[in-house]
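A.B. asks: Can you make the complete structure from the sequences, with help from the hints?
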Amino acid sequence: MPDEPWDRALEEALRELLSGSPDTADGAPAKDAANGADTRFRPAREAAEREVPARADAEGRASGALARRAAEEGARAAFRAARDAGLHTSVPTRRRDDWSPAAAPRCPGSALRAVVAGLLASLTLGGVALATGGLSAGFLDPPAAPRPADSATHERASGPAGTETGRPGPSDLATPFRPDRHPVPPPAENREALCHAVGLGREKNGQRGQGDDKADRDGAGSTQAKGQDETLESTAWRRLATAAGGEERVAAYCHREPRPHRAVDAADPPAPANSVGKPKKASGKASKGAGGENGNRGGSGNGGAKHSSGGAS
Amino acid sequence: MPPAAHGPDLGSAVERAQRGDEEAFAEAYRIVHPGLLGYLRGMVGEDAEDVASEAWLEIARDLGRFRGDAAGFRGWTATIARHRALDHLRRARSRPRATALEQDVWELPAPGDVAVEALDALSTERALALIAGLPPDQAEAVLLRVVVGLDGATSARVLGKRPGAVRSAAHRGLKRLARQLKGKGKGR
Numbered sequence: 006m007p008d009e010p011w012d013r014a015l016e017e018a019l020r021e022l023l024s025g026s027p028d029t030a031d032g033a034p035a036k037d038a039a040n041g042a043d044t045r046f047r048p049a050r051e052a053a054e055r056e057v058p059a060r061a062d063a064e065g066r067a068s069g070a071l072a073r074r075a076a077e078e079g080a081r082a083a084f085r086a087a088r089d090a091g092l093h094t095s096v097p098t099r100r101r102d103d104w105s106p107a108a109a110p111r112c113p114g115s116a117l118r119a120v121v122a123g124l125l126a127s128l129t130l131g132g133v134a135l136a137t138g139g140l141s142a143g144f145l146d147p148p149a150a151p152r153p154a155d156s157a158t159h160e161r162a163s164g165p166a167g168t169e170t171g172r173p174g175p176s177d178l179a180t181p182f183r184p185d186r187h188p189v190p191p192p193a194e195n196r197e198a199l200c201h202a203v204g205l206g207r208e209k210n211g212q213r214g215q216g217d218d219k220a221d222r223d224g225a226g227s228t229q230a231k232g233q234d235e236t237l238e239s240t241a242w243r244r245l246a247t248a249a250g251g252e253e254r255v256a257a258y259c260h261r262e263p264r265p266h267r268a269v270d271a272a273d274p275p276a277p278a279n280s281v282g283k284p285k286k287a288s289g290k291a292s293k294g295a296g297g298e299n300g301n302r303g304g305s306g307n308g309g310a311k312h313s314s315g316g317a318s
Numbered sequence: 007m008p009p010a011a012h013g014p015d016l017g018s019a020v021e022r023a024q025r026g027d028e029e030a031f032a033e034a035y036r037i038v039h040p041g042l043l044g045y046l047r048g049m050v051g052e053d054a055e056d057v058a059s060e061a062w063l064e065i066a067r068d069l070g071r072f073r074g075d076a077a078g079f080r081g082w083t084a085t086i087a088r089h090r091a092l093d094h095l096r097r098a099r100s101r102p103r104a105t106a107l108e109q110d111v112w113e114l115p116a117p118g119d120v121a122v123e124a125l126d127a128l129s130t131e132r133a134l135a136l137i138a139g140l141p142p143d144q145a146e147a148v149l150l151r152v153v154v155g156l157d158g159a160t161s162a163r164v165l166g167k168r169p170g171a172v173r174s175a176a177h178r179g180l181k182r183l184a185r186q187l188k189g190k191g192k193g194r
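Here the protein sequences come in this chain order: A and B.
Using the numbering used here, the letters of the first sequence correspond one by one to residues 6 to 318.
Using the numbering used here, the letters of the second sequence correspond one by one to residues 7 to 194.
No lab work stands behind these hints: they were computed from the structure.
Among the hints, erroneous ones may be present.
As the list claims (entries may be wrong) - Every beta carbon over 12 Å from chain A, so not counted as near; a handful from chain B, in silico:
| # | residue |
| --- | --- |
| 1 | Arg71 |
| 2 | Arg97 |
| 3 | Ala98 |
Claimed, not checked - Per the computed footprint, the stretches of chain B lying under chain A, defined by three or more beta-carbons under 8 Å from a beta-carbon of chain A, are:
| # | segment |
| --- | --- |
| 4 | 57-69 |
| 5 | 78-87 |
Unchecked claim - To be clear about the criterion: a stretch of chain A counts as covered by chain B if any three or more of its residues have a C-beta under 8 Å from a C-beta of chain B, and this derived list gives those stretches:
| # | segment |
| --- | --- |
| 6 | 77-90 |
| 7 | 99-105 |
Note that CB positions come from ideal geometry on N, CA and C, so glycine has one too.
C.D. replies: Have a look at this one:
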C-alpha cells in the first residue's frame, strides 16, 4: 500500500529535486551531493569552483557556492574546536545519542504497549477459557444423555452417532465438543421432543437436577408444550412407547438411564428395529407440540458451539 | 524502504571522524548536509542555512556522544536539525513558509498531467514550498523520508511517533502532492 508505483516515482523525483543528489548509493559521488542542494546551480557551481566567474549572474551563483563552502568550513572549525577540547572523548553517550540498532528504542512507549497488549491478551484468553469451561459443562451433558437414546434407536443412527455410542463419557469429556455437536441433535431431539410432548420432559429434567439454565428452559418449554396440544400427546405417547420399546420403558427412556436401555437393546432386538422409521416422523410431529422449546434449544446450542469454536481458534 | 542512500562510507567516515579525523568529518558532512538542508528548507524556509549551521555546530560538538551506524547518524543529525528548527520556529512564532510561495507554485505551466512530470518543472524552492504547504505532520514525514532519506523506523524516532503513523503520514503527503500536481497539470 505505501509503495504504489506512482508513489515511488514521485518520491524519486522529489528526492532528486530536493536533495540535488538522487542517491549517493546509486553512484553519485559524495562530492556532488555535498554541494547539490539546488540542482539549478550545479553547472554554475562547478564552473565557479574551477575558475573565478567573469559574468555577473555566475558571480551570484558562485557566492552561493562560496556560502556553502563557508558553511562547511564553519562545521569543520566546530569539529576541530570540540576535538581539541577533548569533547569527543570525554562526554558520555546520552540515550538520545545512541542510535545503534540494538540500543535504539524502535518507538517510544512500545514496551508499555507490549505490556498492555499482553495483559489484554491474557484477560481475553482467560475469558475464553472461562467461557469454554462454562460451555463445555453445559455442552457435554446433553451428549452424555442422548447417547443412551442413541443406543435405543441404534440401528437408525448414522455412522458418527454410532461411533459415539460405544464411547464412555469420561473420554468424551476430554475431547472438544465439536465432534459431538452434529451427531447428537437428531436423537436428542427425537427423544426429548417425544418426552416433552407427553409431559415426561419436565419430570425428567427435574430429576436430572443439573440446575443449568437450559434445563430450566426445557422445563418451561415442556410445560407450555404440554398445555398447548392434548391430541398430539396421545399420538406422541404411542410413538414414544414404540421408540422406547414398550410403554413400561418410556419412563426409563425419558429419564435417560443408559443401562436399562442397553439391556433392552440386548434382550429385545426387534423393538429398536421397529423404531427405525417411526421416531423420525414422531419427532417431526412432536416438535410441533414442543416446537418453541426445541427451536430455542437448538438455537442456543448452535450459538454456544460457535462461541466455543471461535474462542478456541 | 526509501533509499539505500546510506552510502557505504558514511558509517566509516563517522567512525574516523569520532577518532579525530577532520577529513572524515568533512566527508560525512558532505554526504549528510544536502538532505538536512532540504529538510530544513521545508521546515523553516529561507532560514534553512542558518539553522543548518547551528545544527552542525551541535553535531560537531557532540560527535563523541553518538553511537550507531550510517542510518543512525542520519537519524541523529536529523533529530538535532529538527530541534534547532523547532527552536527557530518558536522564536519566529510562525511557519515562514507563506502561502505566497505556495500560490506561486500553481502559476507554473505544467508540462503534462503526470505528477512526476509536473514536478520536474518545479524549482527546488517551489517543490519545497509545495511540501511545506502540506499539513505539518505529513510535510515532515515526507521531508524525512524523501529528502533526508530516512526509513520509517528512523523517521519515527526522529519525530517521536509510531512508525506506522509516520509511514501513513508520508504516504498521505505524497498522495496529496501527486493529486495537487496532477490536478494542476490538467487544469492549466
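A.B. asks: Now tell me, hint by hint, if it's right for this structure.
C.D. replies: For each hint, the structure was consulted:
no.	hint	in the structure
1	Arg71	violated (4 Å)
2	Arg97	holds (20 Å)
3	Ala98	holds (20 Å)
4	57-69	holds (count 9)
5	78-87	holds (count 5)
6	77-90	holds (count 10)
7	99-105	holds (count 6)
Comparing the model with each numbered hint stated earlier shows that hint 1 is the single one that does not hold.
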